[in-house]
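Trainee: Assemble the whole structure, with the sequences as input and the hints as a guide.
First to last, the protein sequences are chains Z and R. Numbering of the first sequence is given in our numbering, commencing with residue 1 and proceeding in unit increments. Numbering of the second sequence is given in our numbering, commencing with residue 210 and proceeding in unit increments.
Heads up, some of the hints might be wrong.
If you anchor each label on the Cβ, the simulated ranges turn out as follows [unchecked claim]:
(1) R:Ala245 x Z:Asp152: 27 to 35 Å
(2) Z:Asp135 x R:Asp270: 31 to 39 Å
(3) R:Val311 x Z:Gln209: 52 to 60 Å
(4) Z:Gln30 x R:Gly216: 54 to 62 Å
(5) R:Val292 x Z:Glu144: 32 to 40 Å
(6) R:Leu348 x Z:His131: 28 to 36 Å
(7) R:Ser326 x Z:Gln209: 48 to 56 Å
(8) Z:Ala157 x R:Gly327: 44 to 52 Å
(9) Z:Ala31 x R:Ile242: 41 to 49 Å
(10) Z:Val46 x R:Gln235: 57 to 65 Å
(11) R:Glu341 x Z:His48: 50 to 58 Å
(12) R:Ile242 x Z:Val62: 40 to 48 Å
(13) Z:Gln30 x R:Ser326: 48 to 56 Å
Here are the simulated lysine-lysine pairs, DSBU-like style, with alpha carbons at most 35 Å apart [unchecked claim]:
(14) R:Lys289 x Z:Lys91
(15) R:Lys296 x Z:Lys124
(16) R:Lys289 x Z:Lys136
The hints are simulated quantities; they were obtained by calculation from the structure and are not laboratory data. Note that the Cβ used here is the ideal one computed from N, Cα and C, for glycine as well.
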Amino acid sequence: MQYRLFFSLGALALMMFSACGDPSPAAADQALPILGNRDIVDGDTVYHQIPDFSFIAQDSNVVNNATFADKLYIVDFFFTTCPSICPTVTKQMLRLYERFEGEARVKLLAHTIDIRHDSVPVLKRYAEKIHVSSDKWHFVTGDEEKIYDMADDYFIAAQKDPDAPGGFDHSGRIILVDQNRYVRSFCEGTDPDDVTRFMDDVQKLLDEQ
Amino acid sequence: MSNRRWGWGLLGMVALGVLWSACSYQPFRQGEILYANFCATCHGENGEGFRDLYPPLANSDYFRENQLETACIIHYGMDKELVVNGKTYQQAMLAVTQLNDVEICNVINLLSYSWHSGMKTVTIDEVRAQLESCSDWELLD
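Mentor: Spelled out as structure tokens, the structure:
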């Protein structure tokens with residue numbers, strides 16, 4: 001009798017654990033969902049869409065929505081002097097870069113959240129030092145408020161915080177956006193296993209095209 | 210009989226355990242923890258560095274030649290062009306302000322002990338004197 005009780009309690013705990021463990025990733029055979037709030041407007045479902053933006057990248061070139069027309073792009077927020085999570089996240093972004101290096105339909109977009117220090121030349125040097133092509137991986141700066149607004153749109157927390165290491169507090173999330181400006185997947189850039197799962201999502205979206 | 214055999218087996222295992230921990234014994238435990246928490250994200254778990262962005266600390270000729278100056282680098286940060294093992298680096302390292310002089314001393318000794326064979330360790334008095342001598346460095350944070 002007691003055994004049975006133990007057993008069912010255990011099963012319950014397991015169920016609860018697995019229910020909380022994962023932010024409901026799409027099952028392997030399902031299409032990736034469109035993430036974010038949705039509204040019904042005149043009977044049609046309207047999904048959360050990435051708004052217009054325009055930033056300056058490491059070659060002093062403009063990077064805006066048109067840069068990613070017909071592309072899938074992978075987004076993160078960082079700053080070059082960040083001592084805490086960014087080096088880890090950048091290393092995972094580099095994994096993504098290398099995995100999709102030969103795939104012209106995938107690009108990467110990294111926003112600095114420290115526009116005072118991370119000028120265009122600083123971003124350029126950073127990109128050069130990790131040996132990545134500026135056609136593929138854009139490191140951008142621009143209007144500070146706009147950058148923080150965009151972080152909201154990508155569901156990434158970013159804010160100034162004098163008490164945080166390096167002066168900024170932000171999450172290491174990496175986001176996947178499709179050619180219709182919909183957010184389709186995300187992962188924690190500090191967790192290599194989660195990034196591996198995310199990589200599969202990118203591939204899946206490519207296969208759908 | 211079988212009890213005795215168990216006894217010997219147990220003894221053997223304990224002996225192996227002691228041997229193993231003796232071989233992997235590393236006297237700078239605090240340095241090891243601090244390194245993992247405050248340096249490894251950039252310089253790598255094994256001090257290998259990262260591309261041309263973060264210089265290596267393992268077998269770094271720069272470290273070998275500027276062992277004590279490392280105290281100043283940790284305390285104030287550094288942003289200049291520097292050459293490590295023939296490669297040029299330039300990327301700001303901010304001050305790691307969380308570490309006090311004793312902790313800095315332990316980190317330097319961990320680096321010396323783990324990745325620079327034959328290098329002597331530094332004393333807390335040397336580290337304090339060194340920090341005194343670079344008190345005109347600009348604090349990067």
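Trainee: Check each numbered hint from earlier against the structure, then list the numbers of those it violates in ascending order.
Mentor: Violated: none.
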